[in-house]
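Participant: Working from the sequences, and respecting the hints, build out all of it.
Those protein sequences? They're chains A and B, same order as listed. 70 is the number that my numbering gives to position 70 of the first sequence; each next residue is one higher, with no gaps. When you read off a place in the second sequence, starting at 1, and then add 1000, the result is the number in my numbering.
If you are wondering where the hints come from, they were derived from the structure by calculation, not from laboratory data. It should be emphasised that the depicted structure is a prediction, and the values quoted were computed from it without experimental measurement. Among the hints, erroneous ones may be present.
If you anchor each label on the Cβ, the simulated ranges turn out as follows [stated by the list, open to error]:
id, chain 1, residue 1, chain 2, residue 2, range
1, B, I1197, A, I4, 23 to 31 angstroms
2, B, I1197, A, E64, 28 to 36 angstroms
3, B, P1361, A, I4, 54 to 62 angstroms
Using N, Cα and C, we set each Cβ at its ideal position, and we do this for glycine too.
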Amino acid sequence: MAKIDAIVSWKKLNLGAAITEPGSARQFLTGDWRTQRPILNKEECIRCGRCWIYCPEAAYNEDEEGYFICDLNYCKGCGICAQECPVGAITMTLEET
Amino acid sequence: MPKRVGMEVSIGIAEAVKLCDVDVISAYPITPQTHIVEHLSELVANGELDAEFIPVESEHTAISVGAGASATGARVYTATSSQGLALMHEILFIVSSMRLPIVMTVANRALSAPINIWNDHSDIMAERDIGWIQTFAINGQEAYDLTFHAFRVAEDEKVQLPVVVNIDGFTLSHVIEPIELVEKELVDKYLPPRKPILTLHPDNPVTMGPVGIPEVYTEARKQLEVALMDSKEVVVKAWQEFKKIFGREYHPIETYKTKDAELIFVTMGSITETAMLAVDKLREKGEKVGLVYIRLWRPFPHEEFYNAIKKAKILAVLDRAISYGTNSGPVYTEIRSSLFDKKKKPYVQGFVAGLGGRDIPTERFFEMIEIARSAAEKGECPQYIHLDVKED
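Facilitator: What follows is the structure, given as structure tokens:
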């Protein structure tokens, strides 16, 4: 039989495919969807946090120095952060294959 | 003895819903369903029924609100017809896939265009594959009884699926019939409070209806299909239990004078009682005819259907809807597919009649016999015949 690309048997799937474990979306790494990655220029960054606010994947996290760093495990490369950055500190660059 | 009361069937259904102690009724009025929800609205307004009646702005919202309420564990009822059912379309799949045991009465009515408020089965046939359990009532008593049955089956631990009870618009919904009303205590015995398996509650967070990536979606669909197929056993048991408590007997497939019948009519819904009259008249003339009517449409009871018709030589299947662009009505297609692998099977002739409220008199059944017999003799390639259409 050819390989079946499935996570769980239909017999073990929760009723109606419900998810009963909170925060399980974290296990789903969406970073490999990305074709472009955001590059932050810390010299220009004013640490306003707009990238963190606008990121639809909540991929940005604040570091100890107050910079907002993109977690590339989840970043889909949509570029909203670069668009919204008021000082142009984020640029999108093509992912190298 | 329980009392038989003359009442409009729509009012009877609303009274049945009241006895089922529903928590939420979310509905939008549409002819010919209106009297059901109007009466429920009155019952809630005057304090006879302790439920939330949510008068929404469309049927799309009616079923969406119902889904949300059902997800919190509430017992939910709604009703609609025709364009209203069509407007619910995308949410109907979500309700079954999320395994929400909503009960809905559909007062069957034709679909536009041209605009037509009268009865046929084109509304529900367009929603045939929504994954809901679907039953058809032939008279007021059944419309009443099937309402209790629907909640009992829907909420069964093994089922957890929504149910549509189909009643013919006007010919049932607006007709006054004698209905044997049931006692509240007996309903309570038959229908225990709902025990949901998963509910939306802050104490136990659950995500219902999440994204189903390709690695999950197939299994989710398989789960629904198996649940629907397996529900037949519960549907049948719930009717057996119904008989024990209320005394009336129901089966997925019913027969009328089929014992020695060479030709059997197949019907669904209220036209069945006209077909019975036709069978009686034909029997008086010595014709060996009978009738099989389908009460459980989904899941389709293939085995029961075959057992009911296997001795017949000819089946005359009456559809109240057209499945456009092929050679059939939906019931006819179902039956021919069901019988395809059987070595011994009757000749099956399909008919379409009674669209958009066109009357089907007993004479129409006499015509069906002639046509079906002649076709069977010739062994012509089967095609459905549209009976009551003016050609010239």
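Participant: Each hint needs a verdict: does it hold in this structure or not?
Facilitator: Results for each hint:
Range check, I1197(B) to I4(A): about 27 angstroms between beta-carbon atoms, so the 23 to 31 angstroms window is met. For I1197(B) and E64(A), the hinted distance range of 28 to 36 angstroms is not satisfied, since their beta carbons lie about 45 angstroms from each other. Distance hint check: the CB atoms of P1361(B) and I4(A) are about 55 angstroms apart, consistent with the given range 54 to 62 angstroms.
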